[in-house]
Amino acid sequence: MSEGSRGSREATAALAVRRPWRTGNTGDAIARVVVAALGLSVLALAGLLIYELIDKSWQSITEFGLGFITSTTWDQVARKFGAAPAIYGTLVSSLIALVLAVPVSVGAAIFLSEMAPPWLRNPFSFLVEMLAALPSVVLGLWGIYILVPWVRDAVEKPLRSHLSFIPLFDGPPFGFGMLAAGLILAIMVLPIITAISRDVMLAVPNSQREAMLALGATRWEVISGAVLPYCRSGLVGAVILGLGRALGETMAVTMVIGRGYNITASLFQPASTAASTVASEFNEAAYGLYVSALVELALILLGITLLVNVLARLLVWRVARSPEVIAE
Amino acid sequence: MSGFAYRRRKTTSTLVLGFCAASALVAVGVLALILGFVLAKGISSLNVDLFTKLPRPEGEPGGGVANSMVGSLLTVGIAALIGIPAGVGAGVFLSEYAGARLGNIIRFTADVLTGVPSIVVGVFVYGMVVLKMGHFSALAAGIALAIIMLPIMARSSEEMLKLVPRSQREAALALGITRWRTILSVIIPAARRGLVTGGLLAVARAGGETAPLIFTALGNPFLSLSVAGGPIDALPLRIYRYATGPYSEQHQQAWAASFVLVMMVFAISLTARLVLTRRR
Numbered sequence: 001m002s003e004g005s006r007g008s009r010e011a012t013a014a015l016a017v018r019r020p021w022r023t024g025n026t027g028d029a030i031a032r033v034v035v036a037a038l039g040l041s042v043l044a045l046a047g048l049l050i051y052e053l054i055d056k057s058w059q060s061i062t063e064f065g066l067g068f069i070t071s072t073t074w075d076q077v078a079r080k081f082g083a084a085p086a087i088y089g090t091l092v093s094s095l096i097a098l099v100l101a102v103p104v105s106v107g108a109a110i111f112l113s114e115m116a117p118p119w120l121r122n123p124f125s126f127l128v129e130m131l132a133a134l135p136s137v138v139l140g141l142w143g144i145y146i147l148v149p150w151v152r153d154a155v156e157k158p159l160r161s162h163l164s165f166i167p168l169f170d171g172p173p174f175g176f177g178m179l180a181a182g183l184i185l186a187i188m189v190l191p192i193i194t195a196i197s198r199d200v201m202l203a204v205p206n207s208q209r210e211a212m213l214a215l216g217a218t219r220w221e222v223i224s225g226a227v228l229p230y231c232r233s234g235l236v237g238a239v240i241l242g243l244g245r246a247l248g249e250t251m252a253v254t255m256v257i258g259r260g261y262n263i264t265a266s267l268f269q270p271a272s273t274a275a276s277t278v279a280s281e282f283n284e285a286a287y288g289l290y291v292s293a294l295v296e297l298a299l300i301l302l303g304i305t306l307l308v309n310v311l312a313r314l315l316v317w318r319v320a321r322s323p324e325v326i327a328e
Numbered sequence: 001m002s003g004f005a006y007r008r009r010k011t012t013s014t015l016v017l018g019f020c021a022a023s024a025l026v027a028v029g030v031l032a033l034i035l036g037f038v039l040a041k042g043i044s045s046l047n048v049d050l051f052t053k054l055p056r057p058e059g060e061p062g063g064g065v066a067n068s069m070v071g072s073l074l075t076v077g078i079a080a081l082i083g084i085p086a087g088v089g090a091g092v093f094l095s096e097y098a099g100a101r102l103g104n105i106i107r108f109t110a111d112v113l114t115g116v117p118s119i120v121v122g123v124f125v126y127g128m129v130v131l132k133m134g135h136f137s138a139l140a141a142g143i144a145l146a147i148i149m150l151p152i153m154a155r156s157s158e159e160m161l162k163l164v165p166r167s168q169r170e171a172a173l174a175l176g177i178t179r180w181r182t183i184l185s186v187i188i189p190a191a192r193r194g195l196v197t198g199g200l201l202a203v204a205r206a207g208g209e210t211a212p213l214i215f216t217a218l219g220n221p222f223l224s225l226s227v228a229g230g231p232i233d234a235l236p237l238r239i240y241r242y243a244t245g246p247y248s249e250q251h252q253q254a255w256a257a258s259f260v261l262v263m264m265v266f267a268i269s270l271t272a273r274l275v276l277t278r279r280r
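As given, the protein sequences belong to chains A and B, one line each in that order. Under the working numbering, the first sequence has 114 at position 114, and the numbering climbs by one with no breaks. Under the working numbering, the second sequence has 56 at position 56, and the numbering climbs by one with no breaks.
Excised from the complex, chain B in its bound form:
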C-alpha cells in the first residue's frame, strides 16, 4: 500500500467529517442566532401592559396584546377540545380495531394529511365554515387548527397505544370486562403518558400556526370571548400584522409578543418531552 494513497484517504475522511461537524454547528448556530434576537429584542420591549392592555390606535405608543393572548387561548382551546379526542379516537381505531388494509390506508392518508400546507386547510375551513356561518369566528379558527391536529394526534396516539403490552388487554378481557371498558380503563390509562405528550406537541404546533387563522379568525383589536359570534384575535396573527406594518412601536410589540409565543411553544414542547421521559 502506498503511503500517499493512504494519506489521501485519511485526509478526505477528515475533511468530510469536519464538514459534517461544521454542518451540525451551523444547524444549532442558526437556532441560537434566531433565539438570540428574539430574546434580546423581546425582553427589552416586554412590559406588563403587553399582557393587560388592548392595542392602541395605530401609531400611538403604549397598549398591549391582551386580546390576542385571550384569543389564542380560546382558539387553541377549541382546537384541542375537538382535535385531541377525535385524534385519540382515530388512534384507538387504528391500534385496536382496524384490519391491516383499512388501517394502512388510514395511516397513509393521515401521514399525507400532515404534509398538507396549513394555508390550504385555512382556505378549506373558510369555504366550509366561515361562508356557511356568514362571519369569521373563534369556532372556525378552532376547527381549522383541529384539522391540523387530527392526523398528527391520530398517528402519535396509535403508536403510544400499540406500546401497551397485549397481555394487559388479555388480562382485562379474561376478567370479563367488556372491550370498550378495557380500552377506557386499561389501555388508555396505560398509554396516558404518551397520549399527553402527543397532545401537548399537537397543541404547540397549533399555537404557532398563523396561515389558517387569516381567513378563519381574521383578527380583532378588541377583546372578544365569543366562540361563534365574530372575528377574534390570536397572538401569531397580531405578530404578523405588527411585523408587516409601518409603525416602530408595533415592531417592538411584535418582538415582545414573539418572545412570549416562543416561550409558550418551547415550554409546552419541553413539558411534553419531560412527561414522556420521566421515570415512575
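Okay, chain A solo, but in the shape it has when bound:
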C-alpha cells in the first residue's frame, strides 16, 4: 500500500472520530444548514452592526472628521457637533462608578466566597442577582425622586461647605449631575462585579488556602496572599466587564445626569454621556446631519465598549480555562 493512501485513510479515520454521526440524510443536511446559519448569524449581526453605524454616521464623519472627538461645541442651531463633552461625561461617570463600586464589590465577593457559610451564601447571592435584574428605568425613577434629593442635601451641600477648595466639590449643588450619575452607575455595576469576582474566587483551589493556613496565616493573609493573587486577572476582568456595563448604561443615567454640555471639573454640574445624549435627543433630531452626529456618538460608544469587552473577555476566559482551575 502506498504511503499516500495510508495517510488519507488515517485522515478519514480521524474525521470519523471527530464527527461520529456523519450521515448522508436530507433532513440532516437541512438541519445542518439551518443551525449553521443561525450560529453564523451571531457573526453577521456583529459585522452588520458596525457597518450600519458607520454607514449612517458617514455624513457626520466626513463633515467633522477627527475634530468631532475633540470639539466641545454641541449646537443644533449652528449645525456644529462635537463629542468631547459626551465622551468626557461617559468616562468620568464610569470612573466614579468604579471608584465607588469596586471596593464594595470585591469586599462582598470575599464575604460570599471566603466567609459566608453555605446557608447564607446562596440567599445573599440570590439577592445580589436580583439587584442586577432591576430594570434600568426603575432605577432611574428611584434616582430622580429619592437619590437626587439625597445627593443634593446630604452629599453635595456638606462637601461644598467643607471641601470647596477642591475643584471637584465646588459649584452649586444641583443634585442632577455627574455625581448622581456616577452613584447610580455604581449601584448598577455592583452586582455584576460582585457575581463575577465571587465566581473566580470560588474557582481558587482549596489547596492554595490550606497551604497558606498551614504557614500560620490569618484569614485575611490567606485571602490577600493566596486567593487574590491566584485570581488576579479574573478580578481585573470582572472590573472591566463592570466598566463596559457602566459606559453603555443609558436610561438611569439619562434620568439623573441633567443634560449639561460643558466640561467642568465640578462633579455637581449637569453633564451628559454618549448614551444619554443619544437617548434624549434622537427623536428631536430634525435634520440629517444631526441624526448622523448622534449615530456617530453611538458608534464611538460601540467602539469603546467593544474594546473594553474584548479585553475583559480575554482576561476572564484565560482564568476560566487555566489548567489549575480545570483540575479543581
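No incorrect hints appear here.
Okay, the calculated bits of chain B under chain A, using three or more residues with CB under 8 Å as the criterion:
#1 88 to 95
#2 110 to 122
#3 143 to 154
#4 179 to 185
#5 238 to 247
With beta-carbon atoms standing in for the labels, derived distance ranges:
#6 Y6(B) <-> L43(A): 57 to 65 Å
#7 L168(A) <-> P85(B): 45 to 53 Å
#8 D153(A) <-> R101(B): 54 to 62 Å
#9 L43(A) <-> V48(B): 42 to 50 Å
#10 L314(A) <-> T277(B): 30 to 38 Å
To be clear, the hints were calculated from the coordinates, so they are not data collected in a lab. Heads up, the beta-carbon is just placed ideally off N, CA and C, and yes, glycines get one too.
Go by the hints and put chain B onto chain A.
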C-alpha cells in the same frame, strides 16, 4: 514571635473581614432601599384603572397604562418568537456542529455582543428597520429586543445542551435515528429545563429594556395591537415618559407601573431559577 506583631496581624484580619461583611450588607441594603421605595410608593398608587384604562390627557387625574402593558406583551412576545428559536439554534450549532476554531470565534463574538449597549442596538434597528419601513412599529421593537436576546440565548443554550451526556446521543444514533431527529427528540428534551430557564431570563432582560424602544417603538397613548402598523407603547417607555414629566399624577402612575414591572421581572427570574433547581 512577638505578641505585638501577632495581635496586629489579627487586628488587621478582623478589620478587613469586617469591611467585607459590611460590603455585602451594603450590596443587599441598596437592593432593600430601592425595592422598599418601589413597593411603598407603587402599592399606594396601585389601582384597577392602571390595568384597564388608557392614559388621560396630560395633567388630568385618573387613567391607566393598559396600552403600555399590552404593548410590552406584544413587543416582548415578538422578541421571544424570534430571539429564542434563533438563540437555541445558534446554541445547537455551537454544541453539536461547530469545530473548535469557528465555535470559539462565535462564542467570543456572542460574549462581546452581550456587552454592546442596548441603546446602540436601538440605533442599529432604527437604521435597518424603522427607516426602511418608514415608521415605528412593534415589529421593529421586537427585532431590537430579539437582537439583545440572541447572544444571551445562544450561550446559555449551548451550556445547557453540553450538559446532556454523550451516551444519550450515541444511544439514539445507535438505534439508527438521524442526527436532526436525535437533536430534536433526544438532546433538546433532555436539556429542556435549562433551555426554559435561559429563555425566561432572556425574556426578563428584554422586558425591562427601555433604551432600544425609544427609537423603535416610540410610544403611543392609544391602544395598539398592530404588529407592523405604527408606534406602540411599552411599560418601561411609559415609566420613562411619566418619570421625567412635570405632572405629579403621572409620577404616581410611574411608581405603580414600576412596581408592576419589577414584580413581573422578578417573578420571571424566580420561575427561571425554580425550573432549574426543582428535583424531578
